[in-house]
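> Residue numbers (the UniProt record's numbering), protein chains in the order written: chain A, 1 to 197; chain B, 1 to 197.
Simulated from the structure, these hints should not be mistaken for lab results. Just to be clear, a hint being listed does not mean it is correct.
Copies of the same chain look alike in the list, so a pair counts if it fits in one copy or across any two.
Said to hold, decoys possible - With a Cα cut of at most 30 Å, we get these calculated DSBU-like pairs of lysine-lysine:
(1) Lys69 with Lys55
(2) Lys55 with Lys176
(3) Lys176 with Lys193
(4) Lys55 with Lys193
(5) Lys193 with Lys69
There are 2 protein chains.
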Amino acid sequence: MDFWFTMGSTYTYLTVSRIENVARAAGVSVRMRIFKNVLALTGAVQLPFLPDTPKMTYMRRDIERRAQKLGLAASFPFPYPAPNPQRANRVATIGMREGWGPAYVRAAYRHWFEHGIGSGGDENLRLALTDCQQGHDIARILALAESNEIVDEINCATEEARGLGLFGSPSFVVNKEVFWGDDHLEDAIHWAKHGRL
Amino acid sequence: MDFWFTMGSTYTYLTVSRIENVARAAGVSVRMRIFKNVLALTGAVQLPFLPDTPKMTYMRRDIERRAQKLGLAASFPFPYPAPNPQRANRVATIGMREGWGPAYVRAAYRHWFEHGIGSGGDENLRLALTDCQQGHDIARILALAESNEIVDEINCATEEARGLGLFGSPSFVVNKEVFWGDDHLEDAIHWAKHGRL
């Protein structure tokens with residue numbers, strides 16, 4: 001199963017916090033895939049959540065309720081938007097190549113939602129990279145994160161996501177069957193095992 | 001628990017088909033409440049689902065998968081948008097006053113999704129009103145459905161929905177706690193019983 005996400009997404013915090021355990025318990029293997037952002041998928045000009053809208057208010061409360069249910073140590077309200085999700089995506093893409101990607105993504109979300117330090121900002125990068133591997137050469141990673149090579153890799157992945165029909169984060173893809181939203185993770189896992197809901 | 005909806009909503013088909021049984025099994029009472037449409041709640045200028053968008057494609061497939069899981073006799077693809085959801089809302093509002101509202105709503109959705117006859121059109125109205133009560137004076141109902149009294153009632157309910165922070169259909173409200181989407185019906189029921197997820 002492919003787990004597609006982008007580091008600016010708030011609901012993805014819930015998924016990142018639980019997908020490893022859920023998938024392991026079900027015996028389903030998960031590949032983490034990163035896309036640039038929702039606007040790059042849909043061509044929309046507006047972000048999914050805008051200030052002072054009922055949907056934004058609901059998103060914040062919905063995540064709070066579900067984080068409490070999951071027993072996560074999140075503190076509310078969390079900062080939104082994060083300072084530099086695109087840089088966080090680029091760093092995560094390097095991490096996926098080098099093996100520390102999943103741990104970095106988990107750490108970046110933890111610092112965002114548990115300590116109020118948003119993804120992609122200098123402090124989040126330093127803390128999350130230190131958490132996921134002692135002795136990381138952070139200067140090397142941040143330099144590589146600005147390279148065309150990494151930008152191109154994310155753009156290619158984003159085109160792939162668009163081709164799959166994705167339009168939001170998190171999404172799960174099993175044999176081209178798309179499931180959108182953290183609350184559909186169990187459905188996606190079930191589909192991976194049984195080919196139906 | 002209040003179940004808020006609007007008759008143009010596609011996902012509401014799933015809820016209408018199952019909420020009675022789910023709520024009865026849980027011992028939770030449900031009041032059906034109707035609002036005008038999503039745009040009246042949010043002030044948005046675009047419908048939630050636009051032709052040739054990934055979200056539209058997903059919505060159709062998502063409803064199909066979930067209808068199959070629920071064992072509903074829906075046939076796909078279903079027509080969308082329905083011909084006259086506003087008229088269906090007005091008729092349903094009369095029905096809620098007179099006691100045949102829930103049966104009308106179920107019948108209207110059944111004809112839309114099982115027989116491809118969209119809500120609010122002449123044929124759907126005739127079939128659904130006949131289904132829910134033999135001997136209905138359809139001409140009386142259709143005339144009343146054009147009255148200021150009914151239009152005002154829906155407008156007032158829509159203002160109430162907006163005040164609650166609603167932005168989509170179906171929504172469930174328990175002590176001002178809002179749950180959006182058919183896939184959150186169980187959460188809403190759980191909240192009604194336990195005050196938490």
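> With reference to the structure, classify each hint as holding or not holding.
To see whether the hints hold, each was checked on the structure:
no.: 1; hint: Lys69 with Lys55; verdict: both (21 Å within a copy, 28 Å between copies)
no.: 2; hint: Lys55 with Lys176; verdict: both (29 Å within a copy, 15 Å between copies)
no.: 3; hint: Lys176 with Lys193; verdict: within (14 Å within a copy, 38 Å between copies)
no.: 4; hint: Lys55 with Lys193; verdict: between (33 Å within a copy, 25 Å between copies)
no.: 5; hint: Lys193 with Lys69; verdict: both (25 Å within a copy, 15 Å between copies)
Checked against the numbered hints given earlier, this structure breaks none of them.
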